[in-house]
Every structure is written in C-alpha cells, then in structure tokens.
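There are 2 protein chains.
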Amino acid sequence: MSKNVLGELIGILGKENVLTEKEDLINYSYDATADMPSRMPEVVVTPSTKEQIIDIVKLASKNKVSIVTRGSGTNLSGGTIPVNGGIVLSMLRFDKIVEVDPANLTATVQPGLVIQRLNESVAEHGLIYPPDPGTVATATMGGSVSECSGGLRGLKYGVTKDYIMGLEVVMPDGEVIRTGGKTVKNVSGYDLTKLFTGAEGTLGIITEIIVKLIPAPKYRRSMLAVFDDLDKAGKTIADIISNKVIPATLEIMDNVTIRTVENYSRIGLPVDAEAVLVIEVDGSIEEVVLREFETVKAICAENGAVSTKIAESDTERDAIFAARRAALPALAQVKPTTVLEDATVPRSKIPDMLKALKGIAEKYNLQIGTFGHAGDGNLHPTILTDESNTDEMERVHKAVDEIFDVAIKLGGTLSGEHGIGMAKSKYMELEFGKTGVGVMMKIKEALDPDNIMNPGKIFRRDAL
Amino acid sequence: MSKNVLGELIGILGKENVLTEKEDLINYSYDATADMPSRMPEVVVTPSTKEQIIDIVKLASKNKVSIVTRGSGTNLSGGTIPVNGGIVLSMLRFDKIVEVDPANLTATVQPGLVIQRLNESVAEHGLIYPPDPGTVATATMGGSVSECSGGLRGLKYGVTKDYIMGLEVVMPDGEVIRTGGKTVKNVSGYDLTKLFTGAEGTLGIITEIIVKLIPAPKYRRSMLAVFDDLDKAGKTIADIISNKVIPATLEIMDNVTIRTVENYSRIGLPVDAEAVLVIEVDGSIEEVVLREFETVKAICAENGAVSTKIAESDTERDAIFAARRAALPALAQVKPTTVLEDATVPRSKIPDMLKALKGIAEKYNLQIGTFGHAGDGNLHPTILTDESNTDEMERVHKAVDEIFDVAIKLGGTLSGEHGIGMAKSKYMELEFGKTGVGVMMKIKEALDPDNIMNPGKIFRRDAL
Numbered sequence: 014m015s016k017n018v019l020g021e022l023i024g025i026l027g028k029e030n031v032l033t034e035k036e037d038l039i040n041y042s043y044d045a046t047a048d049m050p051s052r053m054p055e056v057v058v059t060p061s062t063k064e065q066i067i068d069i070v071k072l073a074s075k076n077k078v079s080i081v082t083r084g085s086g087t088n089l090s091g092g093t094i095p096v097n098g099g100i101v102l103s104m105l106r107f108d109k110i111v112e113v114d115p116a117n118l119t120a121t122v123q124p125g126l127v128i129q130r131l132n133e134s135v136a137e138h139g140l141i142y143p144p145d146p147g148t149v150a151t152a153t154m155g156g157s158v159s160e161c162s163g164g165l166r167g168l169k170y171g172v173t174k175d176y177i178m179g180l181e182v183v184m185p186d187g188e189v190i191r192t193g194g195k196t197v198k199n200v201s202g203y204d205l206t207k208l209f210t211g212a213e214g215t216l217g218i219i220t221e222i223i224v225k226l227i228p229a230p231k232y233r234r235s236m237l238a239v240f241d242d243l244d245k246a247g248k249t250i251a252d253i254i255s256n257k258v259i260p261a262t263l264e265i266m267d268n269v270t271i272r273t274v275e276n277y278s279r280i281g282l283p284v285d286a287e288a289v290l291v292i293e294v295d296g297s298i299e300e301v302v303l304r305e306f307e308t309v310k311a312i313c314a315e316n317g318a319v320s321t322k323i324a325e326s327d328t329e330r331d332a333i334f335a336a337r338r339a340a341l342p343a344l345a346q347v348k349p350t351t352v353l354e355d356a357t358v359p360r361s362k363i364p365d366m367l368k369a370l371k372g373i374a375e376k377y378n379l380q381i382g383t384f385g386h387a388g389d390g391n392l393h394p395t396i397l398t399d400e401s402n403t404d405e406m407e408r409v410h411k412a413v414d415e416i417f418d419v420a421i422k423l424g425g426t427l428s429g430e431h432g433i434g435m436a437k438s439k440y441m442e443l444e445f446g447k448t449g450v451g452v453m454m455k456i457k458e459a460l461d462p463d464n465i466m467n468p469g470k471i472f473r474r475d476a477l
Numbered sequence: 014m015s016k017n018v019l020g021e022l023i024g025i026l027g028k029e030n031v032l033t034e035k036e037d038l039i040n041y042s043y044d045a046t047a048d049m050p051s052r053m054p055e056v057v058v059t060p061s062t063k064e065q066i067i068d069i070v071k072l073a074s075k076n077k078v079s080i081v082t083r084g085s086g087t088n089l090s091g092g093t094i095p096v097n098g099g100i101v102l103s104m105l106r107f108d109k110i111v112e113v114d115p116a117n118l119t120a121t122v123q124p125g126l127v128i129q130r131l132n133e134s135v136a137e138h139g140l141i142y143p144p145d146p147g148t149v150a151t152a153t154m155g156g157s158v159s160e161c162s163g164g165l166r167g168l169k170y171g172v173t174k175d176y177i178m179g180l181e182v183v184m185p186d187g188e189v190i191r192t193g194g195k196t197v198k199n200v201s202g203y204d205l206t207k208l209f210t211g212a213e214g215t216l217g218i219i220t221e222i223i224v225k226l227i228p229a230p231k232y233r234r235s236m237l238a239v240f241d242d243l244d245k246a247g248k249t250i251a252d253i254i255s256n257k258v259i260p261a262t263l264e265i266m267d268n269v270t271i272r273t274v275e276n277y278s279r280i281g282l283p284v285d286a287e288a289v290l291v292i293e294v295d296g297s298i299e300e301v302v303l304r305e306f307e308t309v310k311a312i313c314a315e316n317g318a319v320s321t322k323i324a325e326s327d328t329e330r331d332a333i334f335a336a337r338r339a340a341l342p343a344l345a346q347v348k349p350t351t352v353l354e355d356a357t358v359p360r361s362k363i364p365d366m367l368k369a370l371k372g373i374a375e376k377y378n379l380q381i382g383t384f385g386h387a388g389d390g391n392l393h394p395t396i397l398t399d400e401s402n403t404d405e406m407e408r409v410h411k412a413v414d415e416i417f418d419v420a421i422k423l424g425g426t427l428s429g430e431h432g433i434g435m436a437k438s439k440y441m442e443l444e445f446g447k448t449g450v451g452v453m454m455k456i457k458e459a460l461d462p463d464n465i466m467n468p469g470k471i472f473r474r475d476a477l
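Residue numbers (my numbering), protein chains in the order written: chain A, 14 to 477; chain B, 14 to 477.
Derived by calculation from the structure, the hints in this document are not laboratory data. Hints are supplied without guarantee of correctness; some may be wrong.
As the list makes no split between identical chains, a pair holds if one copy fits it or if it spans any two.
Mimicking DSS-like on lysine-lysine, the simulated pairs with C-alpha atoms at most 25 Å apart in a straight line are [as the list claims (entries may be wrong)]:
(1) Lys368 with Lys71
(2) Lys447 with Lys63
(3) Lys16 with Lys368
(4) Lys35 with Lys368
(5) Lys310 with Lys245
(6) Lys16 with Lys77
(7) Lys447 with Lys348
(8) Lys28 with Lys245
(9) Lys231 with Lys169
(10) Lys71 with Lys322
(11) Lys169 with Lys75
(12) Lys310 with Lys439
(13) Lys248 with Lys447
(14) Lys75 with Lys109
(15) Lys248 with Lys28
(16) Lys169 with Lys257
(17) Lys225 with Lys248
(18) Lys75 with Lys455
(19) Lys447 with Lys71
(20) Lys411 with Lys322
(21) Lys371 with Lys28
(22) Lys75 with Lys447
(23) Lys245 with Lys257
(24) Lys322 with Lys257
(25) Lys411 with Lys77
(26) Lys455 with Lys71
(27) Lys455 with Lys322
(28) Lys225 with Lys422
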C-alpha cells in the first residue's frame with residue numbers, strides 16, 4: 014500500500030483510528046478458524062461514521078486496495094483473514110441500537126452491535142431476536158448477517174436470513190444503497206437483502222440492519238435423552254417431527270463428544286451411550302408446552318431411550334445446556350488443533366451421516382467428535398488433531414474432503430451456518446457445479462469488478 | 014422471428030407444441046393486469062421436458078429472441094405480457110408433484126403445478142404449504158415463485174420466499190443450475206434461491222422447486238369487527254400485535270369496499286361503517302386458539318368496535334371470508350376498468366395510508382376502494398375507472414403516482430405481493446434510487462447479457 018493511501022486514510026479518520034504497528038496488525042491476521050494461513054493486513058481502520066466508510070471505500074476503489082470488513086473475528090471459515098493484505102475495516106464503533114419498533118416488530122441496529130445486546134434491549138418489550146449462534150455474547154450483528162449464522166434454534170425459528178428485513182450497504186464503488194425495509198411483504202425488484210445476507214462481505218459493507226423480532230416464548234421444558242444406538246436416536250428425531258412437534262432445540266452429541274465432555278466437566282453424562290439428545294420445547298402457552306413435552310418423552314421411550322433426564326428447574330435446565338455447550342470447548346482441549354466442520358444434511362439423513370462420520374474416523378485413524386443441531390441436520394464433526402503433525406494433517410484433509418463428499422451425496426450442503434470463506438471454497442463446485450459457481454462469480458464480478466471486497470473468500474483465490 | 018428459428022422450434026417440440034396462429038397467440042398477449050398495453054408473441058411453445066427447454070433457450074440465446082415464461086397468466090403487474098414479442102414459453106405441462114417428503118417437511122414440484130393441488134396433496138400428511146394468493150386455485154407454483162406471492166396469511170406465516178428452499182433453473186445461456194436443497198440451514202455461497210424467487214422470470218426459467226411445508230394448524234376461530242372510525246380500526250390492529258397475538262388473517266375493508274361488496278352480494282355488511290376487520294386466529298391446540306380469540310375480542314371491544322360477528326360454525330366462517338374475497342370481484346363490477354394496486358407500508362402506518370388514500374380519491378375525484386392484508390401492511394387500493402375515459406385515466410395515473418409516493422414516504426414499498434412487472438417499473442428509482450436500481454441492473458446484465466429473459470419487466474424497457 015502506498016504512503017499516499019495511508020496518508021489519505023489518516024486524513025479521513027485521524028491518526029488514532031489508523032493502526033499500522035505490527036503488534037496491532039497481528040491481532041487482525043487470523044480469526045477463530047483452525048488450520049488456516051494467517052496474513053497481516055497493511056492497515057487497520059476503525060471508522061465511526063458512514064461518511065468515513067464511503068471515503069475509505071472510494072479511496073480503496075481508486076487504488077484497488079482490498080478491504081476486509083471485520084466485527085469480532087469469531088468467523089469459523091477463515092472469512093475475516095485479510096488474505097491479500099490491504100485494509101481491515103473494524104466495525105466495532107458501529108455498535109448502536111438505532112431503534113426498537115415494537116409496533117412493527119422490528120429493530121434497526123448498527124453492524125458492530127454484539128448480538129446479545131440486541132436481545133437484552135428488546136426483552137423489555139417481550140420480544141426476541143431468535144438467531145443464536147454459539148458466539149452470541151461476542152459476535153456482532155454485521156458478521157452474523159454476513160455469514161448468515163444459525164445456532165441452536167434453527168429448526169423452529171429459522172436462521173439469520175429469516176430475520177433480516179432491510180440493509181444499508183456501501184457498495185464497492187462507494188455508493189450507498191438501501192434494501193428492503195420494515196414491511197413483512199416486499200417484492201420490489203431483486204431481493205438484495207437476501208443477497209447481501211450470507212455474502213461474507215464480498216459484495217459491500219453493511220452499515221445498518223433492520224431485523225424482525227418475534228414475541229418471546231414464555232414457557233419451556235427441557236430434557237436429555239440417552240441412547241445406546243445411533244439409529245434409535247435418529248428415529249427419535251424423525252418421529253418427533255412427524256408427530257408435528259417442532260422443538261426449539263433438538264441437539265445431538267455422539268459417543269466421542271459425550272466421553273470428552275464428561276471427562277472435561279464431570280457432570281454425570283453416560284460415557285457408554287452412543288448418543289444423547291438435548292431437547293427443548295417452548296411456547297407462549299404453558300399447557301401446549303407441557304403437552305408437546307409429554308409427546309417428546311413418549312417418543313423417546315418408544316424408541317428405547319436408555320434413560321432420560323428431565324429438567325425440573327432452571328438450574329437443571331442450565332446444567333443440561335451447559336453439557337451441550339461444553340462440547341466444543343471440551344473437544345478443543347483434547348488436542349492442540351480442533352478442525353470444526355459444519356456439513357449439513359436433510360434431517361432424515363442424520364443417522365446415515367453419523368455412521369459415515371464414524372467410518373471416516375476409522376478409515377483415516379482420526380479422532381472425530383460429532384455434535385450439532387440434529388433437528389435441522391446441521392452437524393459439527395470436529396476433528397481433534399495437531400497442526401504440527403504433518404502426516405496426521407494429511408489424513409485430516411482427506412477426511413474433510415470425504416465428509417463434504419458424503420454430505421453432498423446425501424442431499425446436503427457444504428455449510429449450514431459457518432459460511433464458505435477460505436476453508437471451503439475448494440469444495441464449491443462439488444455442490445454447485447462449474448455453472449452454479451459461475452453464476453455466483455458473475456454476480457461478484459458485476460458488483461465488485463476490481464475484487465476489492467474481501468477477496469479470496471467463497472471463490473478460490475485464483476478464480477477471480 | 015426468422016423462419017429458421019420457427020423451424021428449429023418445431024424440430025425441438027413437434028408441430029403440435031408450437032402455436033403461431035393469431036387466434037392462439039392472442040390469448041398470450043395480455044395477463045390479469047388492467048391498463049396495460051397488450052402485445053402478441055410471435056410463437057407460443059409448450060415444452061414437456063427440461064431438455065426441450067434447454068434447447069429452446071439455447072436457440073433463443075443464439076438468435077437473441079426473447080422468452081417470456083408463463084404459467085396461468087394471473088399476473089397483476091403486466092409481468093407475463095410479451096412486450097418484445099418473441100417466444101411465450103408455457104409451463105403448463107410441468108404440472109407434477111415430484112415428491113412429498115414428510116420426514117424433511119419438504120415437497121418437490123414442477124413449476125406448472127397449480128398451488129392448490131400442492132396443498133390437496135400434502136393434506137394427507139397433515140401438512141400445508143402456507144402461501145395463499147387470491148388466485149390459489151388457478152395460479153401456478155412457477156408464477157407464484159417468480160412473483161413471490163403473498164396472500165391472506167403473510168403476517169403469521171410469511172410469503173412465498175419463506176417457503177422456497179431450492180430451485181432448478183435453466184439460465185439464459187441454456188446451462189442448468191441447482192440452488193439450495195432440503196436443508197433448513199444452507200449458507201454455501203450467495204443465496205441464489207432467494208435471488209430467483211421474485212425475479213419475475215428475468216434471470217432464467219425455473220424448472221423445479223423444493224418447498225418447505227409446515228404442520229397444518231388444527232383449530233381456527235374467526236370474526237368480523239365493525240368500526241365507525243379508521244383510527245379505531247388501525248389501533249385495534251396495532252393492539253392485537255402488541256398483545257403478542259399474531260393472527261393468521263387480519264384483513265381490512267374500507268367504506269367504499271364495504272358498500273360495494275354489500276351492494277354486490279347482500280350479505281348484511283354495515284354500509285355506514287368506516288372499516289371492517291376480518292380476523293382469524295389458528296393453531297394446533299384448541300385452548301390456545303380460544304384464548305387468543307378472547308384477547309382479540311376484548312381488544313376490539315376496548316377500541317370501540319360498533320359490533321362484532323363471531324363465526325360459530327364453518328358456514329358462518331366461510332360467509333365472513335366470502336365477504337372479504339368478494340372485495341375485488343365486487344369492485345371490478347362497478348366500472349369497466351379496475352386498477353388494482355398493492356402499495357405496502359409498515360403495519361403501524363396503515364391508518365396514515367388509509368387516510369392518504371381517502372385524500373387522493375377526493376383530490377383526483379376518483380372512486381377508490383381499499384381492502385387488503387392489514388396485518389402485514391399490504392393494502393390494495395383499487396381505482397374504479399374506465400380505460401376509454403381519457404380525462405379520467407389521466408387523473409388515475411396521477412393518483413397512482415401519488416399512492417406510491419406516499420407509500421415510500423411512509424417507509425413502505427412499491428409492491429407487497431404483485432411484483433413490479435411493467436406496471437411499476439417507472440417507480441423503481443423512487444424506492445431504490447438510481448444506485449439501487451443500478452445494482453439490480455448489473456445483476457440482470459451479468460446473468461442475461463442479451464436481455465432475452467422477460468425483457469421490459471422490473472426495469473424500464475428503455476433502461477437495459
């Protein structure tokens with residue numbers, strides 16, 4: 014990057030908002046994704062107004078410098094690594110809730126807002142913003158929209174894109190557009206709101222977000238069910254849905270995960286179980302919630318659950334959820350490197366996918382713990398390994414290839430909620446073919462012809 | 014169109030599937046939209062296989078002939094008028110349900126399938142496909158996806174795009190892509206499924222559709238509430254939502270509509286009322302539905318409803334809904350021409366919009382009846398006029414301009430559920446600015462560089 018560009022950035026933002034020291038830059042050279050190359054940006058900028066962002070983008074566009082927009086860096090597909098150097102644009106100063114509008118069940122927020130703060134703020138109106146990725150307490154709304162996060166409530170409540178009603182976006186040429194709005198129905202022109210949601214920052218910089226809110230469910234009932242057979246757990250999942258009960262949470266952990274969590278936190282999980290399901294039903298009417306819960310309990314029993322643990326209090330409920338939430342940190346303790354995937358299959362294929370994962374672990378002699386959102390088919394096979402072990406990493410990469418191959422063959426997708434980023438760009442043709450990827454690339458090239466917005470993501474770095 | 018092209022079409026499809034006689038073509042020269050120019054296509058083709066469609070598209074692409082894909086022609090924004098002549102491609106032979114998959118709550122259908130047939134077919138599994146445009150008994154799935162239809166259940170159940178999980182599309186160069194799939198979570202690359210949903214056939218030809226189904230609600234309670242003041246009706250709508258009741262149906266008819274419907278069908282509507290609301294709550298548990306209904310009744314009473322009519326039986330329920338469904342046919346009887354709009358505003362702005370519409374009717378000395386989906390802000394101001402009355406039509410066009418101006422100023426959109434088509438393309442910059450429309454045009458040009466797919470729609474005919 015030329016001295017001139019740096020000088021102009023300082024002119025736009027002031028010296029204190031333009032970082033160029035190595036010890037500052039290094040924090041922006043990686044994100045939460047394992048087994049990824051890191052790369053230092055040339056400069057990190059922290060704008061606080063939209064006008065500054067417009068000026069930065071125009072400057073970058075003129076000089077063909079790349080911009081990686083960044084929230085909290087919790088990305089799990091290498092999406093926030095500035096692989097071409099250039100500018101990292103931190104949105105952390107855009108952290109305001111612009112408006113909560115209970116009459117229209119919407120909120121308008123800035124992209125640097127941490128997701129949980131939105132929920133804290135709308136709670137006083139009896140409302141919630143349902144998407145709840147695991148990183149809800151640290152991840153920002155902008156990152157969450159750009160990656161289209163999912164979380165534990167996807168089955169019943171959907172994912173981020175189901176709640177994004179409108180956006181303000183600074184385009185790669187510095188022009189500003191507004192998409193969507195506060196109306197539930199909107200079919201004016203192409204749905205740009207949905208196009209930018211999940212675009213991983215490759216098409217522009219989101220500067221404002223209108224989200225849909227829903228009435229908070231008032232009641233919930235939770236349980237943990239233990240199975241000695243993967244098929245029985247799989248059939249339980251299928252039977253719950255076919256009985257027309259849509260749980261808010263329907264999570265699974267396999268034997269490797271159960272053992273690891275128990276070893277990590279000693280909470281009394283059954284270490285010989287092949288699978289446990291964590292199930293929560295919720296709703297606004299207590300009788301309904303209780304009735305649905307009875308249905309779930311009966312289905313677990315019919316399918317031969319070895320035991321069930323019903324949460325009789327909030328404390329017991331929190332303990333069950335803590336076990337599920339411990340899955341990733343527990344697995345991450347076992348070995349130096351944790352390769353976390355999010356291959357996703359149609360719900361009915363969960364048992365097939367779990368069996369395939371077991372086979373892949375054996376074939377490549379790897380430790381794979383699998384947990385995830387069984388209700389929506391979004392599994393997190395997690396390979397426990399060591400980046401410094403070249404031989405093992407080779408097997409890891411082969412196993413990952415095979416995981417995606419199986420997921421696609423089962424009618425699934427490369428990513429349920431983590432995005433493609435750098436981690437999965439090489440598999441894109443597996444899912445969409447050359448033509449499908451080509452259509453996406455045409456859109457990218459039409460809107461960002463100089464490829465300055467988060468280059469090297471979604472598409473292979475050499476592709477654009 | 015050259016004789017060669019026609020000859021090749023016959024070669025692909027057989028003579029019996031290639032219509033060129035004037036008396037055949039004329040049926041494809043217009044759709045259900047009033048006050049639109051009609052234009053005859055040069056040929057109408059009715060393919061029955063995907064391979065034929067690919068061949069037709071490749072032929073059209075090579076010869077730069079335009080293709081207008083057509084279902085049942087119920088379009089309400091001039092979207093199916095072949096304004097450049099060329100080929101009308103009828104999808105009516107693609108009318109199969111490929112698969113119903115209750116385990117994954119999905120169905121896979123061909124685009125020529127009539128919407129109602131899908132619902133008849135999934136009913137045996139206790140499932141529904143919620144989007145229900147007024148034309149549910151005649152409109153096709155393909156048209157409905159391309160226009161992103163709404164209907165009477167938008168507030169609680171959302172619109173078409175909320176139920177489209179995956180598509181197969183023949184692109185303008187004849188290549189085939191598949192988008193999305195059967196997984197609830199899917200964030201692999203740009204969301205092409207949502208891009209094609211509502212694209213009005215301007216980006217490609219949809220050849221297969223995967224839809225999401227939901228458990229059918231088992232119970233419902235319905236009523237009609239009468240108000241002598243628009244504000245009271247508006248406040249009732251707002252209070253229902255803020256009491257966390259989300260009705261399946263929450264419809265409004267204004268005084269002009271009430272009088273016209275009563276005059277048309279003599280069903281005992283109160284002709285002096287300023288507004289009536291038709292409200293239905295539904296759900297899977299009877300107590301919940303009853304409880305929500307009591308809340309709705311209490312809110313109507315608190316807000317000074319002059320009277321309420323509770324449906325005590327299915328027959329009485331059907332009578333109430335028949336009154337609402339009579340709105341458009343009744344209004345259409347009054348004058349030779351019915352200009353039906355679907356300007357949409359945030360729910361809280363409904364009273365403002367209704368007052369503005371009253372003002373516009375007075376200002377331009379026009380008869381405007383307004384009815385629509387109050388719960389989701391989607392109103393149908395309907396101007397009763399006569400195309401042959403040049404002076405009045407001039408006032409109609411000015412009134413329409415002003416309706417959209419007000420809708421946008423109130424934070425609304427040009428179209429809630431009918432699409433832009435030809436009817437509203439000239440207003441697009443009002444909502445999106447030059448830049449926003451420019452972004453959409455870049456996408457169109459990138460994917461359909463020769464502008465052969467439904468040209469002259471969404472964008473002004475001279476714009477591309």
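A quick look at each hint next to the structure:
1. When the C-alpha separation of Lys368 and Lys71 is checked against a cutoff of 25 Å, the pair qualifies neither within a copy, at 51 Å, nor between copies, at 43 Å.
2. For the identical chains of this complex, Lys447 and Lys63 are inter-copy neighbours only, at 19 Å across copies versus 37 Å inside a copy, given an alpha-carbon limit of 25 Å.
3. When the C-alpha separation of Lys16 and Lys368 is checked against a cutoff of 25 Å, the pair qualifies neither within a copy, at 56 Å, nor between copies, at 59 Å.
4. For the identical chains of this complex, Lys35 and Lys368 are neighbours neither inside a copy (46 Å) nor across copies (61 Å), given an alpha-carbon limit of 25 Å.
5. Within a single copy, Lys310 and Lys245 get their C-alpha atoms as close as 14 Å, which meets the 25 Å cut-off; across copies the closest is 46 Å, which misses it.
6. For a Cα distance limit of 25 Å, the shortest separation of Lys16 from Lys77 inside one copy, 14 Å, qualifies, whereas the shortest one across copies, 50 Å, does not.
7. Taking the closest pair of Cα atoms, Lys447 and Lys348 never come within 25 Å of each other, the shortest separation being 37 Å inside a single copy and 54 Å across copies.
8. In this assembly of identical chains, the alpha carbons of Lys28 and Lys245 never lie at most 25 Å apart, being 61 Å within a copy and 56 Å across copies at closest.
9. In this assembly of identical chains, Lys231 and Lys169 lie within 25 Å of each other by CA distance both inside one copy and across copies; the values are 15 Å within and 18 Å between.
10. Proximity of Lys71 and Lys322 under a CA criterion of 25 Å is satisfied in neither setting, with 58 Å inside one chain copy and 61 Å between copies.
11. For the homomeric pair Lys169 and Lys75, neither the shortest alpha-carbon distance inside one copy (46 Å) nor that between copies (47 Å) is at most 25 Å.
12. Neither within a single protomer nor between protomers do Lys310 and Lys439 lie at most 25 Å apart by alpha-carbon distance, with minima of 43 Å and 58 Å respectively.
13. Proximity of Lys248 and Lys447 under a CA criterion of 25 Å is satisfied in neither setting, with 36 Å inside one chain copy and 54 Å between copies.
14. Taking CA atoms no more than 25 Å apart as the test, Lys75 paired with Lys109 passes in neither setting, with 30 Å inside one copy and 52 Å between copies.
15. In this assembly of identical chains, Lys248 and Lys28 lie within 25 Å of each other by CA distance neither inside one copy nor across copies; the values are 60 Å within and 52 Å between.
16. Taking CA atoms no more than 25 Å apart as the test, Lys169 paired with Lys257 passes in both settings, with 11 Å inside one copy and 18 Å between copies.
17. Taking identical chains as interchangeable, the C-alpha atoms of Lys225 and Lys248 lie at most 25 Å apart only when they sit on different chains, with a minimum of 21 Å there against 34 Å within one chain.
18. For a Cα distance limit of 25 Å, the shortest separation of Lys75 from Lys455 qualifies both inside one copy, at 22 Å, and across copies, at 20 Å.
19. Taking CA atoms no more than 25 Å apart as the test, Lys447 paired with Lys71 passes between copies only; the shortest distance there is 18 Å, against 32 Å inside one copy.
20. In this assembly of identical chains, Lys411 and Lys322 lie within 25 Å of each other by CA distance neither inside one copy nor across copies; the values are 38 Å within and 67 Å between.
21. In this assembly of identical chains, Lys371 and Lys28 lie within 25 Å of each other by CA distance neither inside one copy nor across copies; the values are 54 Å within and 56 Å between.
22. For a Cα distance limit of 25 Å, the shortest separation of Lys75 from Lys447 across copies, 21 Å, qualifies, whereas the shortest one inside one copy, 31 Å, does not.
23. Taking the shortest alpha-carbon separations for Lys245 and Lys257, only the intra-copy value of 19 Å comes in at or below 25 Å, while the best inter-copy value is 38 Å.
24. In this assembly of identical chains, Lys322 and Lys257 lie within 25 Å of each other by CA distance solely inside one copy; the values are 23 Å within and 32 Å between copies.
25. Proximity of Lys411 to Lys77 under the C-alpha cut-off of 25 Å is found in neither arrangement, the shortest distances being 36 Å within a copy and 46 Å between copies.
26. Taking CA atoms no more than 25 Å apart as the test, Lys455 paired with Lys71 passes in both settings, with 22 Å inside one copy and 19 Å between copies.
27. Within a single copy, Lys455 and Lys322 get their C-alpha atoms no closer than 52 Å, and across copies no closer than 56 Å, so neither meets the 25 Å cut-off.
28. Only between protomers do Lys225 and Lys422 lie at most 25 Å apart by alpha-carbon distance; the minimum there is 20 Å, versus 34 Å within a single protomer.
Going through the hint list in order, the structure does not satisfy hints 1, 3, 4, 7, 8, 10, 11, 12, 13, 14, 15, 20, 21, 25 and 27.
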